[in-house]
Amino acid sequence: MSSTEVPFVPPANVLPKVSPVRVGEGERLRSVGLQGITLTVRSRPPAREGLPPALYVHGLGGSSQNWSALMEQLEGDVDGEALDLPGFGDSPPPDDGNYSVTAHARAVIRFLDASGRGPVHLFGNSLGGAVSTRVAAVRPDLVRTLTLVSPALPEIRVQRTAVPTGLLALPGVAGLFTRYSRNWTAEQRVRGVTALCYGDPGRVTPEGFQHAVEEMERRLQLPYFWDAMARSARGLVNAYTLGGQHALWRQAERVLAPTLLVYGGKDQLVGFRMAQKAARTFRDSRLLTLPEAGHVAMMEYPETVAGAFRDFVSDKGESASGGSGPVRGSVDRSEAGTASGGGADATAVGS
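If you read the sequence shown in my numbering, its first letter stands for residue 46, the second for the next number, and so on.
No wet-lab data here; the hints were simulated from the structure. Incorrect hints may appear among the rest.
Said to hold, decoys possible - EDC-like cross-link-like pairs, simulated, lysine to aspartate or glutamate; straight-line CA separation at most 16 Å: (1) K322 with D158; (2) K361 with E72; (3) K322 with E298; (4) K62 with D245; (5) K311 with D245; (6) K62 with D329; (7) K361 with E337; (8) K311 with E337.
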């Protein structure tokens, strides 16, 4: 079954009623209708007017909530918004059922074009990192800087712990897993995801864990949840096989925006060894390595990531009002010791 086939989704008037998506203190949610898609957008009012715009793109199985901690840290630096990609969070599936990396990138581009907020400081994690790389490569006019946290770029030797996620791309596997795990509680599922995505699951607060359980319970009631997961995983695997100008590493070479790369030393989904390759590939990059972090460093160490971003844009000549000075063409490699920073208030739901 190809990733472009339209999935069967019951009409909206017969979809089960689910609990509302959590909105954190100081956050706002709104729905944006675009061609073929409807996106839910999470935002925080900036600390003051005139701050440059930022956009955050989550990973596979995640949502805009994955960025809440970092958005709060950066509310005095950028005017931030975070998307729920089609089929994730509170965004319904796309009309055409296309969950490819290109389709997700198209959704981001449509949103930026419609909002008129570009160029933005663009953030991406995991799948969102691959999507953001494609956006920056094909629409450099929309991206001021690029910050990638464990971007899901192709690896020749995939980590063993990442194999189960990749297997979701195979036809029928999502259905088999659904039947196999039907007796698992939401708490068990969240503990498994947290163990996979965090370098130290103990950094998740009890309140954050409970919020993640509630979100998991909500998503499991959505009839398209596993379909969106499986097709997005398939879209990512398909993107890994593309050659020529559409290859993700080739597109990474084309990115003009200054790029901050963040890799966790305990990441079980994206190989830490890929950090140096990424630093060599993105033409104007800085590398931040967090040896104790896992796959979602912006959730485990939001203060550290926020501080690195502030230093990065300052060094690149970015001003608070959004202007920019000359950009250097060097590649800086910053090796962080044991990371310190704020504890995470929510746990990742997916990768």
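How the hints compare with the structure:
1. Taking the CA atoms of K322 and D158, the gap is near 31 Å; set against the 16 Å cutoff, the hint is violated.
2. At roughly 29 Å between alpha-carbon atoms, K361 and E72 are farther apart than 16 Å, so this suggested pair is violated.
3. A distance of roughly 11 Å separates the Cα atoms of K322 and E298; the hinted pair therefore holds under the 16 Å criterion.
4. Distance check on the hinted pair: K62 and D245 sit about 35 Å apart at the alpha-carbon level, beyond 16 Å; violated.
5. For a cut-off of 16 Å, the pair hint linking K311 to D245 stands: about 9 Å separates their Cα positions.
6. About 47 Å separates the Cα atoms of K62 and D329, which puts this hinted pair outside 16 Å; it is violated.
7. For the proposed pair K361 and E337, the alpha carbon gap of about 27 Å is over 16 Å, so the pair is violated.
8. Restraint check: the Cα-Cα separation between K311 and E337 comes to about 6 Å, which is no more than 16 Å; the hinted pair holds.
Hints 1, 2, 4, 6, 7, counting from the list given before, are not met by this structure.
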